[in-house]
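Enquirer: Chain by chain, the residues:
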Amino acid sequence: MTKAELIDKVALDYTSLTRRQVEILVNTIFDSIKETLSKGDKIEIRGFGSFRLRYRRMREGRNPKTGTIVTVPPKKVPFFKAGKELRALVDHF
Amino acid sequence: MRKSDLADLVVEKLGVSKKESTDILQMILDSIREELEKGETVKIAGFGNFVVREKKARKGRNPKTGEEIGITPRRVVTFRPSQVFKKSVNE
Numbered sequence: 707m708t709k710a711e712l713i714d715k716v717a718l719d720y721t722s723l724t725r726r727q728v729e730i731l732v733n734t735i736f737d738s739i740k741e742t743l744s745k746g747d748k749i750e751i752r753g754f755g756s757f758r759l760r761y762r763r764m765r766e767g768r769n770p771k772t773g774t775i776v777t778v779p780p781k782k783v784p785f786f787k788a789g790k791e792l793r794a795l796v797d798h799f
Numbered sequence: 752m753r754k755s756d757l758a759d760l761v762v763e764k765l766g767v768s769k770k771e772s773t774d775i776l777q778m779i780l781d782s783i784r785e786e787l788e789k790g791e792t793v794k795i796a797g798f799g800n801f802v803v804r805e806k807k808a809r810k811g812r813n814p815k816t817g818e819e820i821g822i823t824p825r826r827v828v829t830f831r832p833s834q835v836f837k838k839s840v841n842e
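Residue numbers (my numbering), protein chains in the order written: chain A, 707 to 799; chain B, 752 to 842.
What the hints contain is simulated information worked out from the structure, not anything from laboratory work.
Some hints here could point you the wrong way.
The calculated SDA-like cross-link candidates involving lysine to any residue, where the alpha carbons are at most 20 Å apart (straight line), are [said to hold, decoys possible]:
id, chain 1, residue 1, chain 2, residue 2
1, B, Lys764, A, Thr734
2, B, Lys838, A, Arg758
3, B, Lys838, A, Phe785
4, A, Lys709, B, Val835
5, B, Lys838, A, Arg760
6, B, Lys769, A, Phe736
7, B, Lys837, A, Gly746
8, B, Lys794, A, Met707
9, A, Lys740, B, Asp756
10, B, Lys789, A, His798
To be clear about the criterion: a stretch of chain A counts as covered by chain B if any three or more of its residues have a C-beta under 8 Å from a C-beta of chain B, and this derived list gives those stretches [stated by the list, open to error]:
id, stretch
11, 713-721
12, 743-755
13, 776-790
Values in this document were obtained by computation on a predicted structure and should not be read as measured data.
All C-beta atoms, glycine included, are put in the ideal place defined by N, C-alpha and C.
Pulled out of the complex, with its shape left as it was, chain A reads as follows (with noise of 0.2 Å):
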């Protein structure tokens, strides 16, 4: 499913809004999460899963082409674990 399957889904069901609004709502809310790890912070939705930021530390690596040593930066990096609920649903073997 992509975003707009997604939010043709979300406009089809919720019909007291256009899917102009629809669209705009499902756009703000992801952004909303970008925005929120971005300040650090985390989110945490029960039943589905938490955002959080995992810290990379600062390495040395390799420019493959040349081979020479370089430092690559400590980063942050978006990082989503599923809760209990979504765990369970997805695991059915």
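Given the coordinates of chain A, work out where chain B should sit on it, guided by the hints.
Expert: Okay, now just chain B, sitting in the frame of chain A:
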């Protein structure tokens, strides 16, 4: 920040009602959940992809006792943030 705080943030930004914000957020979460349950990938442009991955059976160890145990094959959800998302948290 909890679900309700996220809905509030959207209310502040757009001036929609709290009900609309909460409803749409809930519908997004439910739709993502349903897709993942079917094993389908969810691709949100500019945000990232939720992917179901199959993990093979492997041997593990109880870290406390050192006892060897079998880990059954399973399906797990992974989130791969988009380039835009990764960039935005480092600015």
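Enquirer: Taking the hints in turn, state whether each one holds.
Expert: Checked hints:
The suggested pairing of B/Lys764 with A/Thr734 holds, with an alpha-carbon distance near 8 Å, which does not exceed 20 Å. For the suggested pair B/Lys838 and A/Arg758, the alpha carbons sit about 15 Å apart, so the restraint of at most 20 Å is met. Proximity of B/Lys838 to A/Phe785 is assessed by CA-CA distance (about 13 Å); at most 20 Å being required, the pair is judged to hold. The straight-line distance between the Cα atoms of A/Lys709 and B/Val835 is roughly 15 Å, inside the 20 Å bound, and the hint therefore holds.
With a C-alpha separation of about 14 Å, the suggested pairing of B/Lys838 with A/Arg760 holds against the 20 Å cut-off. At most 20 Å may separate the alpha-carbon atoms for a hinted pair to count; B/Lys769 and A/Phe736 meet this at roughly 17 Å. Between the alpha carbons of B/Lys837 and A/Gly746 the distance comes to roughly 13 Å, so the proposed pair stays at or under 20 Å and holds. Only pairs whose Cα atoms come within 20 Å are accepted, and B/Lys794 paired with A/Met707 is accepted, the gap being roughly 6 Å.
The hinted pair formed by A/Lys740 and B/Asp756 meets the criterion: a straight-line CA distance of about 14 Å does not exceed 20 Å. Taken as a hint, the B/Lys789 and A/His798 pair is honoured in the structure, with Cα atoms around 10 Å apart against an allowance of 20 Å. Evaluation of the coverage hint for the stretch 713-721 of chain A: fulfilled, as 4 residues show C-beta separations to chain B shorter than 8 Å, against a requirement of three. For the stretch 743-755 of chain A, the stated coverage by chain B is satisfied: 10 residues place a CB nearer than 8 Å to a CB of that chain, which reaches the threshold of 3.
Chain B is given as covering the stretch 776-790 of chain A, and this holds because 7 residues of the stretch bring a CB closer than 8 Å to a CB of that chain, at least three being needed.
Comparing the model with each numbered hint stated earlier shows that all of them hold.
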